[in-house]
Every structure is written in structure tokens, then in C-alpha cells.
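Residue numbers (the numbering used here), protein chains in the order written: chain A, 2 to 260; chain B, 2 to 260; chain C, 2 to 260; chain D, 70 to 363; chain E, 70 to 363; chain F, 70 to 363.
Hint data in this document are derived by calculation from the structure and do not stem from the laboratory.
Don't take every hint at face value.
[To be verified] Some chain A residues close to chain E (C-beta under 8 Å, calculated; not the full set): (1) Val-6; (2) Ala-9; (3) Leu-134.
[Said to hold, decoys possible] The calculated DSBU-like cross-link candidates involving lysine-lysine, where the alpha carbons are at most 35 Å apart (straight line), are: (4) F:Lys-258 / D:Lys-255; (5) D:Lys-317 / D:Lys-258; (6) F:Lys-258 / F:Lys-135; (7) F:Lys-317 / F:Lys-255; (8) C:Lys-208 / F:Lys-135; (9) F:Lys-317 / C:Lys-131; (10) D:Lys-135 / B:Lys-185; (11) F:Lys-146 / F:Lys-317; (12) E:Lys-255 / A:Lys-131; (13) F:Lys-317 / C:Lys-140; (14) E:Lys-255 / A:Lys-208; (15) B:Lys-131 / D:Lys-317; (16) D:Lys-317 / B:Lys-139; (17) D:Lys-258 / F:Lys-135; (18) E:Lys-317 / A:Lys-140; (19) F:Lys-146 / C:Lys-208; (20) C:Lys-139 / F:Lys-98; (21) A:Lys-139 / E:Lys-143; (22) D:Lys-135 / B:Lys-131; (23) F:Lys-255 / A:Lys-208; (24) E:Lys-317 / A:Lys-131; (25) F:Lys-336 / F:Lys-135; (26) B:Lys-208 / F:Lys-317.
The beta-carbon is built from N, C-alpha and C at its ideal position, and this holds for glycine as well.
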Amino acid sequence: MEISVLQAFLIGIVYYLGINGTPWLTCMGSTIIQKPLVSGLIVGIILGDPLAGAIIGAAINLPFIAYISAGGAPPTDPGLAGTLGTALALAAGVSPAVAITIAVPLGLLGTIIWVVHMTVDVFFVHMIDKCALNGDMKKACFLHVVPPQIIAFIIGVIPVALGCYYGAGVVSNIIATLDGTPLKVLEVIGGILPAIGIAMNLRAISKPGILLWFILGFVVTVYLGLTTMPVAIIAGIVAYLYTGLTANAATVSAADDDF
Amino acid sequence: MEISVLQAFLIGIVYYLGINGTPWLTCMGSTIIQKPLVSGLIVGIILGDPLAGAIIGAAINLPFIAYISAGGAPPTDPGLAGTLGTALALAAGVSPAVAITIAVPLGLLGTIIWVVHMTVDVFFVHMIDKCALNGDMKKACFLHVVPPQIIAFIIGVIPVALGCYYGAGVVSNIIATLDGTPLKVLEVIGGILPAIGIAMNLRAISKPGILLWFILGFVVTVYLGLTTMPVAIIAGIVAYLYTGLTANAATVSAADDDF
Amino acid sequence: MEISVLQAFLIGIVYYLGINGTPWLTCMGSTIIQKPLVSGLIVGIILGDPLAGAIIGAAINLPFIAYISAGGAPPTDPGLAGTLGTALALAAGVSPAVAITIAVPLGLLGTIIWVVHMTVDVFFVHMIDKCALNGDMKKACFLHVVPPQIIAFIIGVIPVALGCYYGAGVVSNIIATLDGTPLKVLEVIGGILPAIGIAMNLRAISKPGILLWFILGFVVTVYLGLTTMPVAIIAGIVAYLYTGLTANAATVSAADDDF
Amino acid sequence: MLPQYLQLMMTFNNKGENINMENKVSLSKKDVLSAFWKWTFFSHANYNYERLQASGVLFSMSHLPKKLYPGDEKAQKAFMQRHMQFYNTEPHFGGIINGMVLSMEEARANGADIPDDAINSVKTGLMGPFAGIGDTLWQGTLQPILLAVGIGIASAGNMLGAAVFGVTEAIIMLTIAYIMYMRGYKTGKEGVQAILSGGKMKQLIAAASIMGATVLGSLTASYVKAQSTMNIPLGQAQLSLQTDILDKLFKGMIPLGITLLTLYLLKDKQLKSTTVMGILVIIGIILGVTGIVG
Amino acid sequence: MLPQYLQLMMTFNNKGENINMENKVSLSKKDVLSAFWKWTFFSHANYNYERLQASGVLFSMSHLPKKLYPGDEKAQKAFMQRHMQFYNTEPHFGGIINGMVLSMEEARANGADIPDDAINSVKTGLMGPFAGIGDTLWQGTLQPILLAVGIGIASAGNMLGAAVFGVTEAIIMLTIAYIMYMRGYKTGKEGVQAILSGGKMKQLIAAASIMGATVLGSLTASYVKAQSTMNIPLGQAQLSLQTDILDKLFKGMIPLGITLLTLYLLKDKQLKSTTVMGILVIIGIILGVTGIVG
Amino acid sequence: MLPQYLQLMMTFNNKGENINMENKVSLSKKDVLSAFWKWTFFSHANYNYERLQASGVLFSMSHLPKKLYPGDEKAQKAFMQRHMQFYNTEPHFGGIINGMVLSMEEARANGADIPDDAINSVKTGLMGPFAGIGDTLWQGTLQPILLAVGIGIASAGNMLGAAVFGVTEAIIMLTIAYIMYMRGYKTGKEGVQAILSGGKMKQLIAAASIMGATVLGSLTASYVKAQSTMNIPLGQAQLSLQTDILDKLFKGMIPLGITLLTLYLLKDKQLKSTTVMGILVIIGIILGVTGIVG
Ligand SMILES: OC[C@H]1O[C@H](O)[C@@H](O)[C@@H](O)[C@@H]1O
Ligand SMILES: OC[C@H]1O[C@H](O)[C@@H](O)[C@@H](O)[C@@H]1O
Ligand SMILES: OC[C@H]1O[C@H](O)[C@@H](O)[C@@H](O)[C@@H]1O
């Protein structure tokens, strides 16, 4: 089977719909399309063989069944495996089992696209900051939706469309080019950028001594190997008791002033 | 060797004495008789061959040497293995090693008897609650000792006597009948009933905010995998320091009122 | 090759220099000489074959490359392996690989010497305590340096010199004699003596209630398996917050007194 | 308002101190011994899933109300209700708590200001640790050793093996039980006086309440058991309801949830505890039959 | 001086209570629904490494400033800046927080004394827990089950598999999202009034700040990642920079260090966040190229 | 009564602040250098199980008492006793503590109100962390690397291997030691002034005491060692005294018990420390010979 330019482009759009996070029902909507079970069927429809697409998509979805994206940190991306993987498998006319072996390694390219996307969007956030200073809500709304989606569209559609059109070879070339140091550096940067968000938030709730609680939360999490849930519960209780004591003293002193 | 009705009944009583928790030196006295080392000898005496009973009882006791009953949650019950097991082994005239393989599975029936016993006794507790409301101490004492022991006697003596008289077949039938869902449900109920006791106690020491400490104790125990001992030590120290701070504030305010 | 009395004595001194902790650049200086890489070369020079010494010393040093002495608790001692080991290997004319198998077991004797040394020095500390009572600084300085070093010299030089002169046989005899109960008792005593130092320090910072924090630190360390670092951080933060609350109350009461 | 309350308590306490130890009614040696023996013989007579040794505690002190509050029926009833609380400890070592409670009741009857909380907290706070200590020392240590000796003798064909085990254990454990109980009674007596005269009563009660509640939380984790063994099949793989879902949300949420529900029914909904037990039994049946728990 | 400050706050608060709930401007049902849908549709439209869902929060409430502060440009700008803070939660379950924030903004515009801190702290303190709850229940539980069903159907050659999965998940998750958001809005509304009239506002803000900061510390451990994979070769053996050196010094020192450095640059050095981002990018390049981290 | 005490301290402190920094006696550069070298050369000269580097600390400052308290014999003696406390750190990195102590002693001699507690707590609180940092960076990191290089050279038959290792390590470590010590002295100097003028001294002393005591508790767990290796044979099985019995009762009860006993003997029984050492030696012999510990 051969894939036409139009078909390749449409499959690229299916991929974009799976990673755009908008405007159809946010990450839920998009993560439905992102699943190979769904995108496989759609790719099958585009390529004229819905049933084959559904079967191959289901097969490719199997290793991604327990996929979780938490805190914006994705393990290998099922979206690419479901679109490009299904397309290449259908084109090659292979069995579902072989389709899996073709599709899974493609996940890595998905990670690259994701990292680029989340890094570029940082600029729009800063532009929205400026809008907030000027009170320009219209522009803020525009910046929130349009430019990030154009970016997502471009970096989502192009590689997938190219991959469909030129076949598996091109894809592995892209991965090979970026792989190694460039990708690693991207990941390192992606790993430390959340520090800005956290620091800005800390600055926002900053009171004398609040940093101590921050470090406490960090040390306890790291050294006792706790997850956020028990830390949040314990912190909530301790915070309530501690502020009760402070308030206690304050009430007393407030009462004093009545004399 | 054949076991007479009287002998079977007496062996049943030996079993009862091992689980009654009273009136001979509480669980200590009864757990002495409960040990196959001891009950084996007594069963031997009843069946007319004390020495054989002692030897077989000692053998059966071996796998139970590290048996601990903590918090009323018994692992398989050595009492049944020691009485019924010794009796069946003596009757069949088998070697001590074979006696062990006969006796150990019987422990499961013991667990059932224990669960029933501890569940039924709940009713007497509620009846004693009523006595407490009316100040009727005499009846409370009666209810504490007599009815629970009648129950224990019945559910203790009967199965063991029947087992002795009709042989191993009957025992496995009883286990098979109760096993599966009925036993599981009993265990589930037994697992959640202590919540009442704990909740009643919490209600008793209830002050504003005390629930927070309760949850803290729970979370810390569960997430840090601690036992009660270190939690108690840490809680004691923290409670002392915390109330010191509260008292501090209180003293200050008390002093204020002297003006 | 034969080792003369003088050579044996000099090699003993090399060993002493590696464990004396003074006066050349404290444990750093001495631990440089203590390394088989270094002491092997020096032993080689003493025995007239520096190159062979250097090569054998380097080989013997390999298994000690990750050696850490923390809190005065040494794993097997590289010093003895480097001096006596190199000497015996050179005398026997063996290959570097064989030298390692000769040298490593010697480490145990080094542990004995270390334990004796650290135990005996306790007496000098007590003598310096007396000087502190009398304000006699001169004697305190003398006691800090001279007598401990004489001891270290004696228990360091003699066994190594004897070992070099009489060969490997004597060394294993010494180990065999001390080994077993005497060594174990020394170790037990060494294990509990730091309690004095800690207790004296606790007595020094003693305030009402301070013992609770001490026990808290102990329990937390033992039960949560923490190292000193996180305990120190957490303790620092909690102490600051806790004393903030106390001070709070105090400030309030101080303010009261202004009325 | 808390400070005012505490101050009020303090004056209240002063009154207690004045009356302090006129010892209108003191327990005789025989009273104490009788309580000890009744505890040691009958602690487990009515052992049950809901309150474990509660009625054993009451039974052991059944002669006290009449003696301590002659003619005062209300106080006698209050005494009875006070000692029907959940209680569970290792009876021999934990007897020290019973001894302390005995002396606290004595002091209270003589006018000392010891609220229910104080007594409850002493019981709750200490029962867990002493259960741990006792079980370890007795069932985990002494008993295996004595059993090993006894089994050795019996296996060799000597009928004395059982006696060696039984008699030795009985003597040792009774001695320990006696010493612990009396020590508890004595400590309690001295402690109560020291505490009252020091005026630190309030803090100690508050601290004991906090410690007690925290330990109860810890005990909930050990005593209330409801683990799901359900597996959700996923193609070849399986998803465990307990470890893959519930534990990730909040470990122990079922036991804690059930305990908090029970507290809510008892305290806020003011249901009778028999009713609550009925509800729990139904919940247990549902959880067990559906296979969610078990 | 702290007490004085708190007292000052208290009088300030009293003023708030007097004005309390004249409800000059209240949000219509349509306003709330619009915020809900904009949140649910567009939370991730501009998802990024620096502030994650920040602009999604602002976008979802883009119709509020004009409505709540008609004519008051300063307040409108403040509103916009207030909601550009770092925010990240699981959007469906975490919508309860957005709902609460909506009602707090409403109350604030009506004169209630709700400082920025209070709103910030509610968001910060709750986003982590709800991310954990939501991810576990949805992606970790519901989704695998529905996927398993759908894959089963599709593998058997039935094209409906995808639809079964997709439609069921969409319905369930939208329902959950709606309930959570509305519940949050309602709770917030009631909560705010209860809190304000109780005069406990101060303590709750302080407590939420502490909880928020602690949770942020915990989140730093999960979100800021910088592990060294460098190995120092030692003859045959190897020394891992991360586990053998850094972890022994202080676990997580690189992420914590970088976060504290970032805070220092932003707060003490007053650098613009773009500048700080540039610095972090350079640090990232250096760490990545040298291979220290990665 | 605590508040009164603190207030008293506060007036006391004010006096300190007034006298503050007249700097009657200040340490010369030579004094500081001399202390540094004596510390770096002789810290381990009398290294022992009881107080480890205690006399090394005193020795390093042996020239101070006469200089700081000329003619005041009582103060000189107090100084000597003050610095015979248990001390153990990694000497090069931990020198920063010694430097801080030097400046605190200087400030104290000039009238600053720095009680023994403050100095003790600084030493106790920091020695552990710096031992950890230092051992890891030096013995765990730098040294293996340098050794690997040196061994490589020497194995190839080049005698310079030892020199390359030794000289490089000596230069690096001396540099570090110098920088740390001087940094500590400077920080201490600035810190002390800042603290005194801020009037926060009291809280800091109290906090340092608490931190110090907690860290001492933690150190007890690492330094005081008494593990039982005894096994009680039970037929075929074995019962480990340590893991099966003692650890279940209370982990680390022997070391903690011995330490508390020692404290009791020293503080409550007022025994001389030599006597206490004798007692500990006897205990050690008994534990070791019977095989209970070892
Ligand atoms: O972890 C919370 C949240 O983080 C990001 O927003 C995404 O990864 C979501 O899928 C996830 O639910
Ligand atoms: O755990 C304390 C205690 O609990 C129950 O009462 C029984 O299992 C006893 O054997 C045990 O000592
Ligand atoms: O652990 C700190 C310190 O303890 C002792 O002084 C010695 O073992 C040193 O080598 C070590 O650096």
C-alpha cells in the first residue's frame, strides 16, 4: 500500500490532536485520540482499511496499557507509536505482532517533540505575564491558545507526515540526529526548568521562616522516600497545630492590649 | 485403639481448657495446657498411654514452637493440633513424624472456633454496658465469666469430641463446609470490628483537634512502617513538648489575669 | 633477601608514622604514609630495592583503594599490609599478585593495634581533665602529644619489626594469641566507651527537657534508618521553630511586665 | 478561651490539692491483691473482637465502686462505664497499667482532680507498648526456650517434659505479673501525689490524651484489618486493587475510613454501639461476599 | 512584633466581616459554567516547563476581572498577575481547587479580607494531593480497565473497540470533572463565609502557607530532576558520582540547590524570570554537555 | 517561670551588648594561624575511644586562655574544661567549626554573653554533618581518584606514583583545611556580632541546644555500639537475641541504655568520669566474656 501526501498530512493531524491538550476536552480528549487503540482506527480509515487499522492499533496499544503521564513527565509517547506505527505497519502489510516491534521504538521521537513543545511554550507564558501587567486580557487569551497550538501543530504534523511519506528510514534518521548529547541536554534543561515555577510560587507565599518548611518538605520526602500524599497530610496536620500555637500566643497578646 | 465417647468428651474438655482464657491463670494458664507438649501428655493419660502421648505431643509441638498470639489474632491454633491430633495419631498408632502431618492442618479449624468465639462474646460486652448504666455489678461479673465460657465450652468441646469419636474424616468435612466465603466473611467482620473499640476510646478522650493526632499516628505508622513502640515513644515526647508550649501560653495568660 | 634488625626497626617506624595521627599533618599526613602505595616504596628504599617496593606496594594498595576510616572505626588496616606485607613479599621474592595474598590478612593485626591505642589514650584524656581543673596548660599539651605517641610508637614499631625479622610465622601467632575473647572484649569496651563522651556533652548542655530531644534523635535515627546529616537538618529546623514558639510566649510575658 | 479554661481547671485543681489525700477511703492490701488475682485469672474470660479485654478490666475491679463511693450510685455507675473502654495488652507485663489505674481510682475517690481522660489516656497510651514488650519477652522469648527444653525431655521418652515447661513458665510468669502489678500500683500512688502537688496535672493529662490518640492511630493500623485481595484482569496482566490502586491513593484508607465512619456514627450520629456493630457486620458481609476485602 | 501584626490583621479582618457578603457583584451560573468549560477544554493549551498550567487557570477565568472589578483597572491587573503562578494538577479531579478559587475571588471582590496568600496557598497546598489522587484514579485505574476492554473488542476484529473506550471514558471523566468543580465552588462559598465569621482566617492562611511550602518542598523532590549518571573509573571498580558521593553528602542536593538558587535570583537579586530561565538553560547546557547530569 | 528566666537572661544580654565589642583583647593573625596549624597537625595525637578529638581541640587553642583572660585563673580553668568535651569531625572540612569556636571565644572574652551552651552546641551540632561531608569528599572521593592515578603510575614501574599521590593530596587537603578554618573564624566573628546586636541570642542558644542534643542522640546511634550476636538454640531453629528479641522490644536499647546509665552516673550520682569509665570497662568485660555482646 502506498501513502499519499494528503494521507500523510492527515495522519500527522491525528498525531497533533493526540498531543495538543486542546481544544477538545483538554488532556482527556486528546489522550483518547492519543491512544493507539483509537488513533489506529482513524489511521485505518484514512488509509482506507479501518478494520486492519483497528486491529493493528489495538495490538500496538497493548504495551502502553499502563501508561501514565504525571506532572508533565511522559514516559515514551504512545501517540507516535499509534499513528506513525500503524501507518507504517499497514503500508508494509505486516502482522499485528510485527507492527508492535515497528511502533514501540518510535515513542522516543515523541519524547523529543514533547520536550520541545513544553520548552517553547515557556515564551508564551512570559508574554502573558506582560499582558497581565498591562491588563490586556484579550491578548492573554489569544497567547494561551493560538501560538502554542501553531507550534504544536508544526512540530507534531511535520515529522509524522514525513515519516509516513518517506517511510521508517527517515524517522530513524531524525532520532539518530537528535539523539545523544542534544537530546540529553534538552532533557536536563527540561528537568531543571520547573525550579522556576516552584521558586516563583515560594516567593509568592513567602513569609519569614517559610523556607524552613520548604526544606523540611524536601528532606522528608527524599530521605523517608515518601510520596506527596502522606507529606501533604502530615504537613496539613502539623501546620494546623503549629499555627494554633502561634495564634494562641497572639490571642494572649491581643488580650493584653485590652488593658 | 478405639476412643470411647467419654474419652472423646474428656479430650474435648482438654481443648476447651486451652482456649478458655479462664479461670485458671488466664491466658497463661490456659496457654500452657494449649501447648501440644502438655495436651499430648494429658490426652495420652486419658487414652491410657501417657508415654506415647507425651512423645507424640512433643513432636506435634515442634512446628508451633515460635507460635505467638498477639492482639487476639492467632495464626493456626496449636490447641487443636495437640488434642485432636494426638488422639487421632494414638488411635491410628502412627509414628511421631506421621502424627505431625495429621495434626498440623487441624489448626485451621481452631482458627474458625476462635473467630466465632471472639465474635459471639461481643454480645456479652454490650450486655455488660447495660449493667454499667444500671450499676448492676453482680450481673456484670456473671456476664463476664459464665455465658462466654459456656459458649467456649460448647464450640470447643463438641467438634473435638466428634472428631475424636468419628475420626479424621468428620473434621475435614467441617472445615470444608465452613471454608470459602463463610469463613472469609467471618474473618472480614473480625478484621473491622475492632474499629468500634477504637472509636469508642477516641470518643472518650475526644477534645477539639485530637482527631488530628489520631490520623497522624495512623499515617506515620502506615507510611514509615513503624511498630507501635517507636510511635508511642515519639508521640510521648512530642505530646510533652507540645503541651508544654500550650501550657506556656496558658500560664502567661493566667499571670495576666492577676493584674 | 634477608632483613636486618635495623631494617626491621626502620620498617616498624614507617608503620608507626602511618598510624600516629601526628605530628606531621595529622591524619592526612599520616594516612598518606599509611597507604601501601607510599609505604611500599619506602620499605623498598629501606630494603635496597625501591622499584620492586613501589610495584608491590601499588599492587597491595589495590584492594584498599576505597578504604574509609570514619568515626575512628577502621576496617582492616592498610598500614600493616603496606609495610609488613611489602617487606615479607620482597624477602620472599614473590610476584605482586602473591604479595597481595600475603599482605591482606595482616590487616587484622592492625585492627588490634588500633583498638589498643584508642583504649589506652583514654587515660591521658582523664589526666588532661585534671590539668584543666588546675589550669595547668603546659602539662595538658605535653599529655596530649608525648605519652600517646610513645604508646603508639611501642605498639606500632615492635610487632612490625618482629614480624619483619622473624617472618610471617610470628605474625600469625600474635594474631592467634589475641584473637578470640580478648580481642572481642577489647572491641566491646571500645564500642561502649564513647557513651562517656556523649554523656559528658549532654550533661554540659543539660536543660530541663533536653533529654527528650536526645532520645528523639536516637529513636528517629534508629527506626527510620537515617544518617546524621538529615537528622541534623531536620533537628535544626524543628529546633528553630520550636524555640520561636517559646520565645514568642516569652516576649509576650516580657511585654506584660512593662505594665 | 483555652487559657481561661485551663485556669479554671487550675483553681479546680487547687481544691483537689487541699482535700488532697485525706484518704477517706483507702484500699486495703487485700483489695489490691484481689484486683490483681481477678485480673490475672479472668482477663480473657470474655475476650472479644469489639473491646477485647474491656470487661476483664471491670471484672478485676468489681469490688471497688462500693468501697470507693459508698452510697453514691452515680459515681458507681460512672466507674463501671469508665472501665468498659477498649483495652488490650499482654496481661502479665501490662498489669502495671492496671495497677496504676487502681491507684488513680483510689486518689480520685479521695478528691484528687483526675478526669476520665487521664485514666483513659494512661490505659490507651500504655497498653500498646506493654503488649509489644510482653508478647516479645514472654511468647517470643521465654516460651520458646522453655518449650525447647520440655520438648527435648519429652522426646527422649520422659514424661516430665510437660511439667518442666508448664511449672517453670507458671512460676516465672506469675512472679512477673505480681511484680508488675504492684509496681504499677505503687508508682501510680506516688506519681499521683507528685503530679498533684506539682500542679502539672493539666499538662500531663493533655499530653497523655495526645499520646493516647496518636497511639490509637498507630493501633488502628495494626488492629483494624481490611486488605483487598481483588485483582482486575487486564489481558495477560493483572491490576491489584490493593497495591496498584488503593495504596497509591492513600495507604490503609479502608481501615482508617471504617474507623472514622464508626467514630462518626457513634459520636456525631449518637448511634448505640450495638447498632454500629450491626452496621459494621453488614459492611463486613458486603465486603467479604463481593470479595472486595478478604 | 508578630502579635501586633496579627492583631492589626484582625481589625482589618473585622472590617472585612462588616462589609461581608453585601454581594455587590456575584457570579451567575453561566459565569461558573463558562469557567468550568474553559478550564476543562483548555487547561493544557499552553502547557510548559516553567509554570505548567498557569495560563490555563487565567484563561479559564478570563471573564472575571471585568465582572468583579468593573472600572477598577488596578484590581483587574492584580487579578491577572495573581493567576499566573505555577499551577499543576490533574485537571478533572483537581478542578475542585479551581472551583474553590473561583468562589474565593468572588468573596474577595465583595470585600472579604482574602489576601493573595490565601488564594495562592489553597492552590499550592492542594494541587499536589489532587494530582496524585487524580492520576491514580484516572490514568492508573479507570483508563487501563477501559483500554483492556476496548483492546479486547478491537482485537477480535470489531471496530467498536475504540468507541467503547473513548465514549465511556469521556462520559465518566466529564461527569467527575463537573462534580468536582461545582463541589469546589460550593465548598469554597460556604467555607469562606464560615471562616470569615469564625475569625479563624489568619490561622488558616498561615497553616495553608506552611502546608503549601512543605508540599512545594515535596514536589521539588518529584518535579525538579537532576541526577548525575557520571561514573569515575577507579581501576576495575567505578565510583558513581550520584550514589557514592552526592547522595552521601545530602540526597537531592542538586535539585534543591538549583531551586534555592532560582529563588535567590528571583527574590533577592530581583531578576526577571526570563533572565532566570536563560541562566537555568545555560546551567542545563553545561551540566548536560559536560555529562555531570543526564 | 521560664519567661522570667528568659527575661533575666535578656537584661543580662543587654549588658553584654553594651560592653559589646570594646575588643579589649583581640586575637592576632598569628594567634589564629597558630590555632589552625596546631589543630591540623595534632588533632589526632591523642585520639581515643572516650572523647576522640577532645584534647586535640584544647591543644590547638592552648595559647588562648592566657591571652584572653590575663590574670583571671578561674576563667582560664573554665576555658580548659570547656574544651575537653567529646568532639569528633573530619579535621580538614570540620576545621570550619574550630574556626567559629575560636571567634566565639574571642567575643566571649570581650564581654559578649555567650554561655558554654552556645559553644558546646555549635560544636556538637555541626561536627557530625561535617564529618559526613568531609569523609565523603576526601576519603570517599578525592583519595580514591588520586590513589588510582598513583597506582597506575607505580604499577608501570615508575617510582613517582607515590609522590604524585602524596603531594597532590597534601596540597589539596591543606588548602581546603586552611580555607575552611579561616572561613569559620570570619563567619563566627560576623555572626556573633550580628546575633548579639539582633538580640536573638537567647533563641539561637536554645535552638542550638536542642539541635545539639538531638544530633547527639543520632550520634549515639552511630558511635555507641553494642550488638548482641548471641543465638539461643531451639531444636533445629535458632533465636537471635538481637534481631528476634531486643530489636522487637526497642531497637538500640543496649547502646541507649548504656548511654543513659552513664549520664545518670555522671550527673545524678556525681561520679568522677574515671570511675564511670571503670564501670563501663567492667560492663564491657562482662558483656564480652559472657558473649552477650560482641
Ligand atoms: O500529574 C498531574 C498532571 O500533570 C500534567 O498536567 C499531565 O501530565 C497530566 O496528565 C497529569 O494529570
Ligand atoms: O498482644 C497482646 C495480647 O493480645 C491478646 O490479649 C492475646 O493475643 C494475648 O496473648 C496477647 O498478649
Ligand atoms: O568520621 C570523622 C573522622 O573520624 C575520625 O577522626 C577518623 O576516622 C577520621 O578519619 C574521620 O574523618
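Name the hints, by number, that the structure is in violation of. 1, 2, 4, 5, 7, 9, 10, 11, 13, 15, 16, 17, 18 and 24
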